[in-house]
Amino acid sequence: AQSVTQLGSHVSVSEGALVLLRCNYSSSVPPYLFWYVQYPNQGLQLLLKYTSAATLVKGINGFEAEFKKSETSFHLTKPSAHMSDAAEYFCAVKTDNQGGKLIFGQGTELSVKP
Amino acid sequence: DVKVTQSSRYLVKRTGEKVFLECVQDMDHENMFWYRQDPGLGLRLIYFSYDVKMKEKGDIPEGYSVSREKKERFSLILESASTNQTSMYLCASTTLGNEQFFGPGTRLTVL
Numbered sequence: 001a002q003s004v005t006q007l008g009s010h011v012s013v014s015e016g017a018l019v020l021l022r023c024n025y026s027s028s029v030p031p032y033l034f035w036y037v038q039y040p041n042q043g044l045q046l047l048l049k050y051t052s053a054a055t056l057v058k059g060i061n062g063f064e065a066e067f068k069k070s071e072t073s074f075h076l077t078k079p080s081a082h083m084s085d086a087a088e089y090f091c092a093v094k095t096d097n098q099g100g101k102l103i104f105g106q107g108t109e110l111s112v113k114p
Numbered sequence: 001d002v003k004v005t006q007s008s009r010y011l012v013k014r015t016g017e018k019v020f021l022e023c024v025q026d027m028d029h030e031n032m033f034w035y036r037q038d039p040g041l042g043l044r045l046i047y048f049s050y051d052v053k054m055k056e057k058g059d060i061p062e063g064y065s066v067s068r069e070k071k072e073r074f075s076l077i078l079e080s081a082s083t084n085q086t087s088m089y090l091c092a093s094t095t096l097g098n099e100q101f102f103g104p105g106t107r108l109t110v111l
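In order, the protein sequence lines correspond to chains A and B. FYI, the numbering for the first sequence is 1 to 114, going by this note's numbering. FYI, the numbering for the second sequence is 1 to 111, going by this note's numbering.
Don't read these hints as lab results, they were simulated from the structure. A couple of the hints might just be wrong.
Said to hold, decoys possible - Distance condition first, Cα-Cα at most 20 Å in a straight line; then the derived SDA-like pairs of lysine to any residue:
1. Lys71/B x Lys18/B
2. Lys58/A x Lys71/B
3. Lys101/A x Ser3/A
4. Lys3/B x Gln42/A
5. Lys101/A x Lys18/B
6. Lys68/A x Glu62/B
7. Lys3/B x Ser52/A
8. Lys18/B x Arg107/B
9. Lys101/A x Met27/B
10. Lys101/A x Val19/B
11. Lys101/A x Glu56/B
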């Protein structure tokens, strides 16, 4: 069965510092993996997705994630945090090839200090 | 531009009331989903639908039902609202193999 674990429910960084949000997955089939961002009082917006092409995936707003099969990880990074990056981030894995059901991690709230 | 809309951003209801949450997508997507979001628990799937008039239970269907009479519309129904159903409700849609597109959410408070 598929599952997703996000390490750290809260991460705080200084503006300009590296952002690293951790995601580990479990999947019995080659996974499709996603990172979503949620700004306060809004729905989820797709940041990036891995669908078995390049292992390093670039997304919007300067974020990227690397798929590492040996580590079953899909960590999200950004070289330099901006105040506008403060939000909640969700990692998700697609469970099957029919219908696109996703399993989400618990979420990581990112705070950016000036 | 793709769009998923939800009928209300904020809703306050009383215990025992019947509550309808509406979701409409304009992307001709086959699949639609209802989630609830609670702090520390992430998103949990309530119900989903792969086609008109089809529905399947997700992980937490108890206390909820759904209706999908038209492809673009997926309704979540709380037959008799309870205080433990106070939550953020998110609707999403997708076509096969692609990412889900989310609505803005409905924050429901049950008093």
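To see whether the hints hold, each was checked on the structure:
1. Only pairs whose Cα atoms come within 20 Å are accepted, and Lys71/B paired with Lys18/B is rejected, the gap being roughly 23 Å.
2. This hinted pair does not check out: Lys58/A and Lys71/B have alpha carbons roughly 33 Å apart, beyond 20 Å.
3. Only pairs whose Cα atoms come within 20 Å are accepted, and Lys101/A paired with Ser3/A is accepted, the gap being roughly 12 Å.
4. Under the criterion of a C-alpha separation no larger than 20 Å, the hint pairing Lys3/B with Gln42/A is consistent with the structure, at around 13 Å.
5. Between Lys101/A and Lys18/B the alpha-carbon distance is near 27 Å, which puts this suggested pair outside the 20 Å criterion.
6. Of the pairs offered as hints, the one joining Lys68/A and Glu62/B is violated, with about 37 Å between alpha carbons and a cut-off of 20 Å exceeded.
7. Restraint check for Lys3/B and Ser52/A: the C-alpha separation of about 27 Å exceeds 20 Å, so the hint is violated.
8. For the proposed pair Lys18/B and Arg107/B, the alpha carbon gap of about 16 Å is at most 20 Å, so the pair holds.
9. In summary, the hint linking Lys101/A to Met27/B is supported, as the alpha carbons are separated by about 17 Å, within the 20 Å threshold.
10. Our distance criterion of 20 Å between C-alpha atoms is broken by Lys101/A and Val19/B, whose separation comes to about 25 Å.
11. Restraint check for Lys101/A and Glu56/B: the C-alpha separation of about 11 Å stays at or below 20 Å, so the hint holds.
This entry does not satisfy hints 1, 2, 5, 6, 7 and 10, going by the numbered hints stated previously.
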